[in-house]
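Spelled out, the chains give:
2 protein chains.
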Amino acid sequence: MIKVGIFGYGNLGKGVECAVSKNKDMELVAVFTRRDPSSVKINTASAKVYHEDALKDMTGDIDVLILCGGSATDLPEQTPKYASLYNVVDSFDTHARIPEHFANVDNAAKAAGKTCVISCGWDPGMFSLNRLYANCVLPDGKDYTFWGKGVSQGHSDAVRRIDGVKDCRQYTCPVEEAMDAVRSGKNPELTTREKHTRECFVVAEEGADLARIENEIKTMPNYFSDYDTTVHFITEEEMKANHSGLPHGGSVIRTGVTGVNDENTHVIEYKLTLDSNPEFTGSVIAAYARAVARLNKEGQTGCKTVFDIAPAYLSDLSGDELRAHLL
Amino acid sequence: MIKVGIFGYGNLGKGVECAVSKNKDMELVAVFTRRDPSSVKINTASAKVYHEDALKDMTGDIDVLILCGGSATDLPEQTPKYASLYNVVDSFDTHARIPEHFANVDNAAKAAGKTCVISCGWDPGMFSLNRLYANCVLPDGKDYTFWGKGVSQGHSDAVRRIDGVKDCRQYTCPVEEAMDAVRSGKNPELTTREKHTRECFVVAEEGADLARIENEIKTMPNYFSDYDTTVHFITEEEMKANHSGLPHGGSVIRTGVTGVNDENTHVIEYKLTLDSNPEFTGSVIAAYARAVARLNKEGQTGCKTVFDIAPAYLSDLSGDELRAHLL
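Chains as they are written, first to last, in numbering that gives the first Met the number 0: chain A, 0 to 326; chain B, 0 to 326.
Honestly, the hints are just simulated from the structure, not real lab data. Keep in mind that the hints are not guaranteed to be accurate.
Okay, derived cross-link-like pairs now, DSS-like style, lysine-lysine, Cα gap no bigger than 27 Å in a straight line [to be verified]: (1) A:K185 <-> B:K47; (2) A:K141 <-> B:K165; (3) A:K270 <-> A:K109; (4) B:K47 <-> A:K23; (5) B:K165 <-> B:K148; (6) A:K270 <-> B:K296; (7) B:K47 <-> B:K2; (8) A:K109 <-> B:K109; (9) A:K141 <-> A:K165; (10) B:K141 <-> A:K23; (11) A:K185 <-> B:K2; (12) A:K270 <-> B:K148; (13) B:K296 <-> A:K296; (14) A:K185 <-> B:K296; (15) A:K270 <-> B:K141; (16) A:K141 <-> B:K194; (17) B:K270 <-> A:K148; (18) B:K270 <-> A:K270; (19) B:K217 <-> B:K185.
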């Protein structure tokens with residue numbers, strides 16, 4: 000059994016917990032939190048909740064520690080720190096800072112003889128893998144990534160900070176016509192506005208100026224001003240009844256040409272339709288936790304990404320079984 | 000430069016040649032044939048055509064030899080034989096015999112210090128990879144593979160053997176309603192007949208009994224009797240004008256559930272739409288030829304499949320570049 004620890008018990012931590020329960024060779028041993036442990040109720044009866052401070056003393060009890068904090072401030076500090084004590088998986092998703100994060104984690108993990116995977120999930124993660132495979136198979140081609148329809152937590156939070164807004168759920172929606180043009184092999188040049196629209200469901204405070212709120216949303220730089228945005232004002236009851244999930248997904252598409260005269264076009268599409276973004280992310284992380292445990296046993300230490308790990312390491316089946324049943 | 004040799008210059012050999020020309024770090028050195036070399040005209044001016052016999056003397060000239068023969072009789076003999084002289088890639092696709100083929104190639108390659116990849120292409124190949132990744136990420140789920148719309152060479156050949164048939168092109172077509180039911184997460188149980196239909200375009204000999212031909216096609220065991228088949232009789236001119244390509248493709252779909260009460264459904268779909276089956280297969284093979292050359296330099300010998308190779312090996316970019324641009 001691979002003994003798993005989870006640090007951070009928000010949406011992602013709960014998603015990882017669900018995923019671990021689906022893998023028969025894995026066992027959740029402990030959840031670590033910065034909160035008062037007695038205030039955290041988990042779903043796994045056999046696991047215990049500890050304060051973060053206990054992490055320094057439990058290195059013998061856990062094969063892989065999964066870090067479920069945020070990319071802005073938690074992971075840049077936590078992943079290198081705990082890579083010196085544990086094999087670690089994180090879902091660091093600030094694309095621009097990945098090289099720096101990788102170097103920090105790699106140094107810590109190598110010095111301690113530990114194995115780590117950073118930026119694990121679906122984007123970065125499964126989408127990255129599909130970008131890489133498709134680029135290698137079709138070197139003469141063009142990449143497209145569409146996201147949604149799905150809830151963007153960052154955009155929902157941004158709207159919540161507007162004066163008079165009690166709650167918001169923001170959906171990122173791919174433009175179907177743009178996706179169809181890409182799938183047809185036309186290689187369109189698409190602006191930000193042509194690829195995605197944004198849809199906001201907003202609960203306003205009583206008496207708030209709805210026209211002002213709608214205008215503030217639509218003109219917000221970086222988040223909304225480059226998109227066509229629709230704003231719906233709804234009640235708290237409607238929010239709870241219709242927008243309590245965290246669905247997401249999207250498509251990675253690469254089109255490319257082959258042939259003596261580039262006469263043949265090929266389209267590769269990888270598409271995810273997810274009822275729960277954090278549970279699917281947790282499921283990807285669990286598979287890579289298995290790989291991390293196995294790589295470490297083989298002495299392959301340091302920081303890895305999904306690019307560096309042979310797919311067979313993700314499976315609990317043997318090479319013989321994989322070749323017989325999945326090849 | 001990775002120096003590539005191709006053995007067998009049919010549709011697949013030509014597809015590999017096109018693919019090599021798209022990879023700037025690869026160079027086609029030679030094409031080997033069992034025919035009279037002077038009868039084989041290739042598209043790469045800088046490469047030469049040799050008889051198969053020359054293969055025993057050219058081990059110093061070629062980094063990776065790509066075997067483009069058939070799976071029925073060519074590859075079971077050729078791949079183990081040449082794995083003792085070269086790093087080799089093949090596209091062996093007789094699923095039931097893969098374990099035996101793997102063992103034969105592995106023994107030969109290990110004894111000679113060579114690195115080989117077998118069963119490389121899109122199915123087996125990219126479809127297998129996607130089955131594996133999706134199974135690892137969603138352990139509680141169900142797999143579906145749909146093929147087409149595309150030309151099946153085996154079914155086209157079977158029809159051509161019927162008395163009175165001059166030519167045939169057979170298309171395998173996925174049933175859209177079945178795919179939509181799968182994509183909706185309904186986990187349908189589908190019979191062979193419910194998943195695919197078959198469509199035949201037939202050129203008959205003058206005066207042939209068309210009703211008899213149609214009946215022989217539709218009732219042919221293994222090939223057609225389990226499917227709903229449509230037969231169109233066309234002229235040779237129509238065949239040439241409308242059915243000269245070798246398009247193919249399909250979808251690997253896995254649906255699975257997560258959550259405390261399995262309340263969330265996820266759908267992973269990998270879809271290929273290919274103008275040319277052999278050129279796309281050749282493109283996958285070229286990427287794995289790069290991996291084989293690199294693995295052999297690192298001393299990782301023996302037989303591999305797509306499951307055993309970390310994706311980064313397929314790319315000519317460095318780890319730093321991949322992390323910065325594709326993760």
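Against the structure, the hints:
Straight-line distance between C-alpha atoms of A:K185 and B:K47 comes to about 36 Å, which puts the hinted pair past the 27 Å bound. For the given pair, A:K141 sits about 41 Å from B:K165 by alpha-carbon distance, which is inconsistent with the 27 Å threshold. Restraint check for A:K270 and A:K109: not satisfied, since their Cα atoms lie roughly 35 Å apart, outside the 27 Å limit. Taken as a hint, the B:K47 and A:K23 pair is broken in the structure, with Cα atoms around 55 Å apart against an allowance of 27 Å.
Proposed proximity of B:K165 and B:K148 is supported: the alpha carbons are some 23 Å apart, at most 27 Å. Between the alpha carbons of A:K270 and B:K296 the distance comes to roughly 35 Å, so the proposed pair goes past 27 Å and is violated. In summary, the hint linking B:K47 to B:K2 is supported, as the alpha carbons are separated by about 13 Å, within the 27 Å threshold. Taking the CA atoms of A:K109 and B:K109, the gap is about 30 Å. The hint is violated against a cut of 27 Å.
A hinted pair counts as satisfied when its Cα atoms are at most 27 Å apart, and A:K141 with A:K165 does not qualify at roughly 42 Å. This hinted pair checks out: B:K141 and A:K23 have alpha carbons roughly 17 Å apart, not beyond 27 Å. Under the criterion of a C-alpha separation no larger than 27 Å, the hint pairing A:K185 with B:K2 is inconsistent with the structure, at around 34 Å. At roughly 19 Å between alpha-carbon atoms, A:K270 and B:K148 fall within 27 Å of each other, so this suggested pair holds.
The straight-line distance between the Cα atoms of B:K296 and A:K296 is roughly 24 Å, inside the 27 Å bound, and the hint therefore holds. A threshold of 27 Å between alpha carbons decides the hint, and for A:K185 with B:K296 the separation of about 40 Å lies outside it, so the pair is violated. For the suggested pair A:K270 and B:K141, the alpha carbons sit about 16 Å apart, so the restraint of at most 27 Å is met. A threshold of 27 Å between alpha carbons decides the hint, and for A:K141 with B:K194 the separation of about 32 Å lies outside it, so the pair is violated.
At roughly 19 Å between alpha-carbon atoms, B:K270 and A:K148 fall within 27 Å of each other, so this suggested pair holds. With a C-alpha separation of about 8 Å, the suggested pairing of B:K270 with A:K270 holds against the 27 Å cut-off. Of the pairs offered as hints, the one joining B:K217 and B:K185 is violated, with about 31 Å between alpha carbons and a cut-off of 27 Å exceeded.
The structure fails hints 1, 2, 3, 4, 6, 8, 9, 11, 14, 16 and 19 (numbered hints given earlier, in ascending order).
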